[in-house]
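Participant: Listed below, chain by chain, are the residues.
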Amino acid sequence: MSPFTSLLGRDMRLAVRVGGGALMGALFFLVVVSMIPFAIGPDLALLARIGPAILWLGALLASLLALDRLFATDYEDGSLDLLMMGGMPLELAVATKAIAHWITTGLPLVIVAPLLGLMLNVELHAVGWLALTLAAGTPALTFLGLIGAALSVALRRGGLLVAVLVLPLTVPVLIFGVAAANAAIVGPAPFGPPFTILCALSLASLVLGPIAAAAVLRHGLE
Amino acid sequence: MSLGPHADFIIAAYAVTIFIVVALVSWVVLDYSAQRRILDDLEERGITRRSQREG
Amino acid sequence: MPIVDLANPTRFLNIVNRILPWLITATLLLFVIGLYRVVNAPDDYQQGATVKIMFLHVPAAWLGMFGWGLMSVAALGTLVWRHPLADVAGKAAAPIGAAFTLICLITGSLWGRPTWGTYWVWDARLTSMLVLLLLYLGVLALYWTAEEPSRGARAAAVLSLVGAINLPIIKFSVDWWNTLHQPASVFRMGRSTIDPALLIPLLIVALAFTLLFLTLHLAIMRNELLRRRVRSMRLLQAQRLAEARA
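Protein chains in written order, with this note's numbering: chain A, 1 to 222; chain B, 1 to 55; chain C, 1 to 246.
If you are wondering where the hints come from, they were derived from the structure by calculation, not from laboratory data. Some clues are possibly wrong.
Where chain B lies over chain C, by a calculated footprint (3+ residues, C-beta under 8 Å) [what the hints assert, rightly or not]: (1) 48–60; (2) 70–79; (3) 116–130; (4) 216–229.
We put the CB at the ideal spot given by N, CA and C, even for glycine.
Given only the sequences and the hints, what does the whole structure look like? Please build it.
Facilitator: The following block contains the structure:
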């Protein structure tokens, strides 16, 4: 087994075992999205219009709040030090942890999104497109959030700090994610341009996030 | 018996209910056999509970 | 039989082993009778054949709420009377209650599509059931994250009681929220009278589902007791290994 697969497997096993937070992100997403109609009323036409925006905001909050403990438990039990001393480049190790985190918390968001879309009166044929934009965009949220998670462990402060640091960075993802979803659902703008920009944002953050997070960890934990 | 114009929805409702109930029942049955197997295995290795030792 | 006898897990397991085959037979028998009656039940003059979904939806709604009631009684048993089996009973009721609430919501939305033209309407009853499902998922998440069973059981017991106090308030506020926004335009499911030709099959199916609930509840309690036995035996094993090494 290569270091990559063993670290990936370890992080995923830790996430699904008792005390791990694997499905908590999806549960938070479900609760937050269900609360919105209580605030704005059960008007189905209105809900259908703002449905994609609600789902994207819910996914944004769920994926960022779940990132809080990404490095904290490893820091507390010392395995983060081992990762930093090991032969694997720290950037790659950090990226692996982010991928495992996305599979255990980001992917469930994408899976429950169609169901929530139906509850917000988004048409059946459109919920698939909506889930596709989330699948393309949530990796960007995880990799940008990685920087915040690294900062919070370096500064030994958890909780809302990650969200405060990272939310402004996710503005482009939110803009193009909701634009792509709206293009797929109501038109008339084409789906292609915003969706490809969304994919580009994900790929760029896949490079940027691990490098920045590794730099933060190196400087912060010396 | 004819199910009228919305037969798909009726069949889907029954299918979903059967699926959830079967999933629940099979979880219970599989869980029971798993726990039994572990218990038998532990007893074979001579691990007994305090109540069994006293009695 | 006094309730004190039930406090001994071994005796309880013996009783469950004796009762379960009878309960399973009775459940299956009632389901056969009930489904036969459902197949032969007449269509509703307003909704046509879609009324067949009612035979699933209404019992599921009832059992979803019954599950929380059972959990609240078990929670009182855990916190007030400290009955040793109460936390097992509470933990066993949660997944079944959640499953029936889920069935209620899914059948409700499949019933809503032909009647309302959309899968989901923020109707007061459906929305209350949704909040109930969210509460169930919270309790299940609490059980899932607690590493030590008895501590998790006490936390979940407090949460069940808080939920039981809050549920009527939630129901009331959802009703208020709904009528505020939507003046009686939605088709109402509840009618003052229900035809006996539909009511009797409904009652039989509801009884069958209730027996299914009780059967599953006892079976899950048995699994849970075995799981705890495994846990204590493993702890004992580890302790002995440590003693042998020392």
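Participant: Hints numbered earlier in the text: which of these fail when held up against the supplied structure?
Facilitator: Of the numbered hints given earlier, those the structure breaks are 2, 3, listed in rising order.
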